[in-house]
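Undergrad: Protein chains in written order, with my numbering: chain A, 1 to 183; chain B, 1 to 521; chain C, 1 to 348.
Worth flagging that the hints you see were computed from the coordinates, not collected in a lab. Incorrect hints may have been included.
[Claimed, not checked] Once the Cα atoms are required to be at most 20 Å apart in a straight line, the calculated DMTMM-like pairs of lysine to aspartate or glutamate come out as:
| id | chain 1 | residue 1 | chain 2 | residue 2 |
| --- | --- | --- | --- | --- |
| 1 | B | Lys460 | A | Asp166 |
| 2 | B | Lys230 | B | Asp219 |
| 3 | B | Lys458 | A | Asp156 |
| 4 | A | Lys121 | A | Glu89 |
| 5 | A | Lys133 | A | Asp156 |
| 6 | C | Lys337 | B | Glu418 |
| 7 | A | Lys101 | A | Glu165 |
| 8 | B | Lys411 | A | Asp166 |
| 9 | B | Lys460 | A | Asp39 |
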Amino acid sequence: MLSAALALTLLALVFGLLLGYSSIRFKVEGDPVVDQIDDLLPQTQCGQCGYPGCRPYAEAIASGEADINRCPPGGEQVIQSLADLLGREPKPLDPERGEEKPPMVAFIDESDCIGCTLCIKACPVDAILGAPKQMHTVIAEECTGCELCVEPCPVDVISMVPVEEDITHWKWPLPKTENGDSP
Amino acid sequence: MEVAVTQNGKRRFAMKLWSFHGGVELPGHKQESTIRPVEPAPLPKRLILPLSQHLGAPAEPVVAVGDKVLKGQIIARPGGFVSAPLHASSSGTVVAIDEHAVPHPSGLSAPCITIETDGRDLWVEREQQTDYRQLEPADIRETIRQAGIVGLGGAGFPAFIKLNPGKTIKTLILNGAECEPYITCDDMLMREQADEILRGLLIIRRAVQAQHCLIAIEDNKPEAAHSLQKALQRIESDADNIEIVMIPARYPAGGEKQLIKVVTGQEVPSGGLPVQIGVVCHNVATAAAVYRAVEHGEPLLSRIVTITGGAVAEPRNLEALIGTPVMELLSACRTNFNVLQEVIMGGPMMGIALANHKVPLIKTGNCLLTVSHGEMEQHPAVQPCIRCGNCADACPVSLLPQQMYWHARAKDFDKIQEYDLFDCIECGCCAYVCPSNIPLVHYYRFAKSEIRSQQEQKRKADIARERHERREQRLAREKAERATRHARKKPGTTDENKRAAIQAAVERAKAGKQGAPSDDV
Amino acid sequence: MFKKALSSPHIHQPPYSTQGMMFRVILALLPAAAAYAWLFGWGVIINILLAVGVALVCEAAMLTLRSRPLLPTITDGSAILTALLLVFALPPLAPWWLTTIGVAFAIIVAKHLYGGLGFNPFNPAMIGYVVLLVSFPRELTLWSLPAQLAEHTLDFRATLNYIFSGTLPTNLTIDALTSATPLDVMKTQLGLGQTTSGIMAAQPVFGFMGGKGWVWINLLLLAGGLWMIYRRIINWHIPVSLLGSLLAISSLFFLLDPEHSPSPLFHLFSGAAILGAFFIATDPVTAATSNTGRLWYGAGIGILIYVIRSWGGFPDGVAFAVLLMNMAAPTIDHYTKPRVFGHGDKDA
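Next up, chain A with everything else stripped away, as it sits in the complex (with noise of 0.2 Å):
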């Protein structure tokens, strides 16, 4: 009786002090999971999910607030990669939220401003150039494609364009498949 109570103690300890050391020398270093989150959305500070910008909707992804299918810039692919990150399902984007839409940056007919200041206001990452009472011009480098431009703009001079397809950019088609079509 005696020997079997001891020997269970000992063994308890011994597995005790193993997690414990593993614990310590296993331990991973990983992103907190909002990070993690916020490097797979688009960056492009939209709005579109309802929150004021990727990280806060990261947080609200990581805590369980938010669905992980509002984001309509990121589209099917950060949705898949969302739902590998968080071990969930994948589902089909908020139409709520709008449709996922090809690359677009902002265009300022130049000609028509008048240099109201708003649209630089509004934009989430400074990629609208000018001062007051001067034109002003999108940085096209650095244009997300958000259209929180177009709504301020009091002489609708802002104009969404979609990204031109050139050789650079250019990418190889999916091949058809033996069933004449592409997965």
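Since the structure of chain A is already known, use the hints to place chains B and C on it.
TA: Showing chains B and C alone in chain A's frame:
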């Protein structure tokens, strides 16, 4: 495996050769275009010169529409370190600098300079070059860079970079393997201009300070080897440590990494360059271009191109100016346009099917392969993969093509990279032997371009995130500043007043830009 | 020779097309099938025709249901091959419903529900066989006697009648026409404490190396298999490692205890080992894909065959051995990835 090699023109000793995994034996189709000697192609009325004919940044134009240019005059300067300048291939007038169809799988257009030739072919004043032995390696490199020479074997990597080793080079290899079917431009060059190639080799040897030189030729080109051997005897004293090696004809023996494996037994590390294992490899045509640039001051203006295939009545090689429209080259070899169905630039294994026949010849265009009606299966039925493993047996890189195919098909881009997708050289062996006719290489190209695009998107997303965070910080800072200003002036005011005060503060801030300090700070 | 494609290579010249491979495998099976019919009667031929018919109907039905193009798939020969292989595993007098269930299960469940040719993780013919073996064990042990042993044989009409209606000519019972297979007899008798030499001498089903008649079928299968290796329709790795490991392990036990372990030749020529080695285990869809992997895969099957035959509940083990190794194939592939050019040995 041991083969006889020649050194100094004499059979001397047997050299050990290695082999690479897989590969395929292909019908050569080389006799057709080697029975006629190389001839200059007729001078075209228009030359279309794409600004990007090489790997790296596109060249930047230094001429304007309407400018008169002379043959050999620089018309676009390198757009970066990894880039190459562009020269007018003949004299004439710049008539356009705009988007024009170029040889590219997408069929899209790219910026080009179009020159209307004046028929006089007048040279710009050329620098009188001294003997290369008097030149420092750095000078040779600069000359080659200024001459716009790119690797003429296929990839179009600016040649001067490969002459910039910064490391001891044990072996310099000239690649005369030319393993793709139909193409014979290097074969004809070796037969007819062996002296130029050897002089180019000597210049490159000096530039990279190589100890040992090999000229590797597939054993289906005995005439080329013979011609080079004779040329080697003519240069006598300089011929020390230059060997001509016959390698077994097996596609893709001419692939740079495969060739290095065959003649040295060493493998270039994955993702690395030959220089890491003390090897530099250049195409024979590149060597000839180096000779012309260094000893005659001629930039790269023309190349030998093979015009062959079912629709060509007189298959042959032409010395054609870069920028010559391909249709004119086809006409020069009496192509029957009625039966012409497809033109491939390059060989049948790795070439580009031209989506648009208005495209010009570019620096890397080694062959125009025509396909006539009836030669091409219209709808090769793709059947399911039965995992037979033929593709893996044929892969010269020892990849598992069918696993990569499944992952590409499923768009599982993480998984496909675990199977070393980016080690794939797109040689086409796997698709060639696939019993189910699956366009395997197309799947890998699809996956590669998707992955590159995702990486680019990620890079842009990171920039956007950073800019957004900076903006947030700036706004927070400004808000805090305004709040402190406001708090000092009127503590405990109503909302109405607050708003007015902010407005006033903004006004003052704006005024502040003119240099007037605010009284309340 | 050229093909219309957006992307290079523009030429394409495989040694055989997928169709070509399938039909050559079928061709290699035919001599053995003919011998099987010669030795065991009309039933074999009726079974083959029935099985092929059912296979094509099921294939067509599934393709239509899955809205896939009909013609290229139905003519690829894979369904016919599955049917043929299954017939080799069934008794010559198997009733029509047995063949039909087996083939239908193989094509509908084991092949198409997994996504059709190329997507099935398990060999369809073996799945069909195992389903029958587990569900109808009695019917599968009623094997008709080879011609040399039979006192009565059925003519074509009587065979047809028996297969489709289960009725025999009035003077016959099924027991007079059938017996257990050689492997079955060996297993039962060994279980009764007999010695191998005694069994071989006493039981009429045995000839000089194994079962009477079976030896001929197996020799013709061996010839067909060697022809396929010669013509490079299959690789040598799986048959060689499979038969090699079976020979090795059976030799070992034979040398240790010849009175209670059947000889290696008995193992090779009495059951489905040769059929399995050349025609079933080599099905590329379900096998390991690298050459090293194929060696492991084949060796695994060979050893499992011996283990199941000697200590398992069934007289032959080829079907279970193949299915078990099918399961292991992805793992084998994972651990036998070849070293990629330019990669060090360590991360290969």
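Undergrad: Look at each hint and say if it fits the structure.
TA: Cross-check of the supplied hints:
1. Annotation: proposed proximity of Lys460/B to Asp166/A holds, straight-line Cα distance about 17 Å (limit 20 Å).
2. At most 20 Å may separate the alpha-carbon atoms for a hinted pair to count; Lys230/B and Asp219/B meet this at roughly 17 Å.
3. Our distance criterion of 20 Å between C-alpha atoms is broken by Lys458/B and Asp156/A, whose separation comes to about 31 Å.
4. At roughly 38 Å between alpha-carbon atoms, Lys121/A and Glu89/A are farther apart than 20 Å, so this suggested pair is violated.
5. For the hint linking Lys133/A to Asp156/A, the alpha-carbon distance of about 16 Å falls within 20 Å, and the restraint holds.
6. Proximity of Lys337/C to Glu418/B is assessed by CA-CA distance (about 11 Å); at most 20 Å being required, the pair is judged to hold.
7. At most 20 Å may separate the alpha-carbon atoms for a hinted pair to count; Lys101/A and Glu165/A meet this at roughly 14 Å.
8. Taken as a hint, the Lys411/B and Asp166/A pair is broken in the structure, with Cα atoms around 23 Å apart against an allowance of 20 Å.
9. For the hint pairing Lys460/B with Asp39/A, the CA-to-CA distance comes to about 12 Å; that is within 20 Å, so the pair holds.
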